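Here is what each chain is made of, one letter per residue.
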Amino acid sequence: MATMNMLQAINNALDIAMAEDEKVICFGEDVGIFGGVFRATSHLQEKYGKARCFNTPLVEQGIIGFANGLAAQGSVAVAEIQFADYIFPAFDQIVNETAKFRYRSGDLFNVGGLTIRTPYGGGISGGLYHSQSPEAYFTHTPGLKVVVPRNPYQAKGLLLAAIRDPDPVLFLEPKRLYRAAVGEVPEEDYQLPIGEAEVIKEGTDITLVGWGAQMEVISKAAELAEEQGIACEVIDLRSLLPWDVDTVAESVFKTGRMIVSHEAPLTGGFAGEIAATIQERCFLYLESPITRVTGLDTPFPLVLEKEYLPDHLKIFEAIRESVNF
Amino acid sequence: MMTQYVHQPSFMTGDEFSIETFCLLNPDGELYEGAEEPALTREHARKLYQAMLATRILDERMMAAQRQGRLSFYMQCTGEEAAVVGAAAALDDADMIMAQYREQGALMYRGFSIDEFMNQLFGNELDYGKGRQMPIHYGSRKLHYMTISSPLATQIPQATGYAYGQKLAGEGHCTLTFFGEGAASEGDFHAALNMASVHQVPVIFFCRNNGYAISTPSTEQFAADGIAPRAFGYHMHVIRVDGNDALAVYEATRQARKIAVEQNQPVLIEAMSYRLAAHSSSDDPSGYRAKSEEEAWRVKDPLLRMQRWLAKKGWWSDEEEATQQETLRREVLETMKRAEKRPPPPLESLISDVYADVTPALQRQLDQLKRHIRRYPEAYPRGAKSLDLTLSSATDSQGEA
Numbered sequence: 001m002a003t004m005n006m007l008q009a010i011n012n013a014l015d016i017a018m019a020e021d022e023k024v025i026c027f028g029e030d031v032g033i034f035g036g037v038f039r040a041t042s043h044l045q046e047k048y049g050k051a052r053c054f055n056t057p058l059v060e061q062g063i064i065g066f067a068n069g070l071a072a073q074g075s076v077a078v079a080e081i082q083f084a085d086y087i088f089p090a091f092d093q094i095v096n097e098t099a100k101f102r103y104r105s106g107d108l109f110n111v112g113g114l115t116i117r118t119p120y121g122g123g124i125s126g127g128l129y130h131s132q133s134p135e136a137y138f139t140h141t142p143g144l145k146v147v148v149p150r151n152p153y154q155a156k157g158l159l160l161a162a163i164r165d166p167d168p169v170l171f172l173e174p175k176r177l178y179r180a181a182v183g184e185v186p187e188e189d190y191q192l193p194i195g196e197a198e199v200i201k202e203g204t205d206i207t208l209v210g211w212g213a214q215m216e217v218i219s220k221a222a223e224l225a226e227e228q229g230i231a232c233e234v235i236d237l238r239s240l241l242p243w244d245v246d247t248v249a250e251s252v253f254k255t256g257r258m259i260v261s262h263e264a265p266l267t268g269g270f271a272g273e274i275a276a277t278i279q280e281r282c283f284l285y286l287e288s289p290i291t292r293v294t295g296l297d298t299p300f301p302l303v304l305e306k307e308y309l310p311d312h313l314k315i316f317e318a319i320r321e322s323v324n325f
Numbered sequence: 001m002m003t004q005y006v007h008q009p010s011f012m013t014g015d016e017f018s019i020e021t022f023c024l025l026n027p028d029g030e031l032y033e034g035a036e037e038p039a040l041t042r043e044h045a046r047k048l049y050q051a052m053l054a055t056r057i058l059d060e061r062m063m064a065a066q067r068q069g070r071l072s073f074y075m076q077c078t079g080e081e082a083a084v085v086g087a088a089a090a091l092d093d094a095d096m097i098m099a100q101y102r103e104q105g106a107l108m109y110r111g112f113s114i115d116e117f118m119n120q121l122f123g124n125e126l127d128y129g130k131g132r133q134m135p136i137h138y139g140s141r142k143l144h145y146m147t148i149s150s151p152l153a154t155q156i157p158q159a160t161g162y163a164y165g166q167k168l169a170g171e172g173h174c175t176l177t178f179f180g181e182g183a184a185s186e187g188d189f190h191a192a193l194n195m196a197s198v199h200q201v202p203v204i205f206f207c208r209n210n211g212y213a214i215s216t217p218s219t220e221q222f223a224a225d226g227i228a229p230r231a232f233g234y235h236m237h238v239i240r241v242d243g244n245d246a247l248a249v250y251e252a253t254r255q256a257r258k259i260a261v262e263q264n265q266p267v268l269i270e271a272m273s274y275r276l277a278a279h280s281s282s283d284d285p286s287g288y289r290a291k292s293e294e295e296a297w298r299v300k301d302p303l304l305r306m307q308r309w310l311a312k313k314g315w316w317s318d319e320e321e322a323t324q325q326e327t328l329r330r331e332v333l334e335t336m337k338r339a340e341k342r343p344p345p346p347l348e349s350l351i352s353d354v355y356a357d358v359t360p361a362l363q364r365q366l367d368q369l370k371r372h373i374r375r376y377p378e379a380y381p382r383g384a385k386s387l388d389l390t391l392s393s394a395t396d397s398q399g400e401a
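Protein chains in written order, with the UniProt record's numbering: chain A, 1 to 325; chain B, 1 to 401.
Only chain A is shown next, with the shape it has when bound in the complex (with noise of 0.2 Å):
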């Protein structure tokens, strides 16, 4: 085991899976030399060469088209897109082009190689256009699947499962946590399942559901519940494409209660599907609402982001609220 942060694990995930297979290629903007803006693909150009660790020139929308030429040629694509802010010059690549290589030729082509790599979510000064969490707009398309680790241990596991997923994969990595985050991690490979919730938290009253860096902020006031006599069930979704229904309606069925999370806007968040899908299940388990606790729906503010963050406080609050229903 050693100790890292998320970058270094994110970094290192790179690295063994360039190292295994010669058909992994790593790019994007200021990928190369320069290791990416945040260093997560740092000395991946000096030890695998300029052929498979290379700057871009900045278009996103050429990256991803790029990148599903790339795959479907049956090379390991992993591109980074700098900002989630930003991949929506993309958008129709990922949308109309990587969800559904697959489907629309029958199979004879796919870009399962494809992983897209970008760092998203607030709580870094970023303003509008450095801190969204676009998740829901590509929950949204089918032949996508989505995973966001919280933590350097699941970064590590999760990348590497995702590069070696026969399907295309978007890897929101939360970069509050990029070097906040810090914590054991194996220096081998190993892999986490993709489309596996996990349980971090047993509890009896209610379940908190959420995913990347909210996880933190959700533990945070499970605690703060804890010390009122609340037991809390919290669970880390992980994959949002596909999503373990399984996992959070064994929670619900047991507490009755539900809150789920996230930095993103409540309208059309991807909450609202949990919501939905859990009512169905759950229905006659269910003692109180649903709630969500999430971003307001208004662009992404900048000095007023402490205000527009679901803080551990207001997910405090909803928990009380759900309980003395």
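Certain hints may be false.
[Said to hold, decoys possible] Here are the computed lysine-lysine pairs in the DSSO-like style, where the Cα-Cα straight-line distance is at most 30 Å:
| # | chain 1 | residue 1 | chain 2 | residue 2 |
| --- | --- | --- | --- | --- |
| 1 | A | Lys314 | A | Lys254 |
| 2 | B | Lys142 | A | Lys23 |
| 3 | B | Lys258 | A | Lys23 |
| 4 | A | Lys50 | B | Lys258 |
Read the hints as simulated data drawn from the structure, not as lab findings. Being a predicted model, the structure only gives us computed values, none of them experimental.
Fit chain B to the given chain A structure using the hints.
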């Protein structure tokens, strides 16, 4: 490049350069003076022409079938057969082709059978695409022809990426991507050319400048002298060719391929042609262009030109032309009848290939759908057939399929 400093301001527009059009055959099928015949064998030249002819006949028949209501939609390659087939004939058969949608001639050249065309057009159980895409969205893995995607220009940066992979694989292959002059307005075109040039990728960007993007004439598509000058902005090799001259297209593409594969450099080819047919079966060109304009281009028909050249060489005859046309028409009609009668793809194909493996969530959705179809089979004849339900007798049923 060395910076040259001047001390008086001067502005350039690109008019300082003029891009010539490479051509070998005149409309009568004779070599222009000073033109050199490409080294094409009799066999190869005949194969090239036969693919052009087969494409023309397939298009005529299928457009007629669409008009009879037998087919939902169709798009013709008519007028552009030389550009498309000439390019395909200059490639290695294992080079990847990533087309836009009007390039069935390239697939014909590579040996896609009439049956294979028909199965796709009718979306039957033998369609490789499993009946998921509209007619003309062909694809063939064995023939290295990427499945067509409707969104315009998306294949262009993909071709750059595909060719980058080919370069790393080091097997001496390249990718050729077709697109129209209209699609070249899309951002994906510019992204693709720039990345190909920066990363030194063996890709050929083949623009079919056929004068129209649906109804929009090229004069309203760009202000410059066509698409070719854009290559300068990306420091890329470029050639403009008479797109109705199969020999010139062949030779230009052959040499472009050499540059791509031997030097790992992208090449842009602009083939000047004309879309003689409507954009698609849903379009009516009489609303936006004059018949006289079409007639002027009919005289320059690429098939006639190639046919005349072959005849002069003694490699083709009027009798052969008549027999071939007759045989092809009959084959198209017979295969069409077969393809029409084949059943649609099974209900399960609704959820396969979304992912490599069917997810539990998708399986649940299919199971629910099956239960529903069992209740109302008349409303879903294809699904009911796939579930082996006899219509009108089976109105309800319990259990899962």
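Against the structure, the hints:
Pair hint Lys314 (chain A) plus Lys254 (chain A) holds up; C-alpha atoms about 24 Å apart against a cutoff of 30 Å. Of the supplied pair hints, the one linking Lys142 (chain B) and Lys23 (chain A) holds, its CA atoms being roughly 22 Å apart against a limit of 30 Å. Between Lys258 (chain B) and Lys23 (chain A) the alpha-carbon distance is near 25 Å, which keeps this suggested pair within the 30 Å criterion. At roughly 24 Å between alpha-carbon atoms, Lys50 (chain A) and Lys258 (chain B) fall within 30 Å of each other, so this suggested pair holds.
Consistency with the previously given hints is maintained throughout, with no hint failing.
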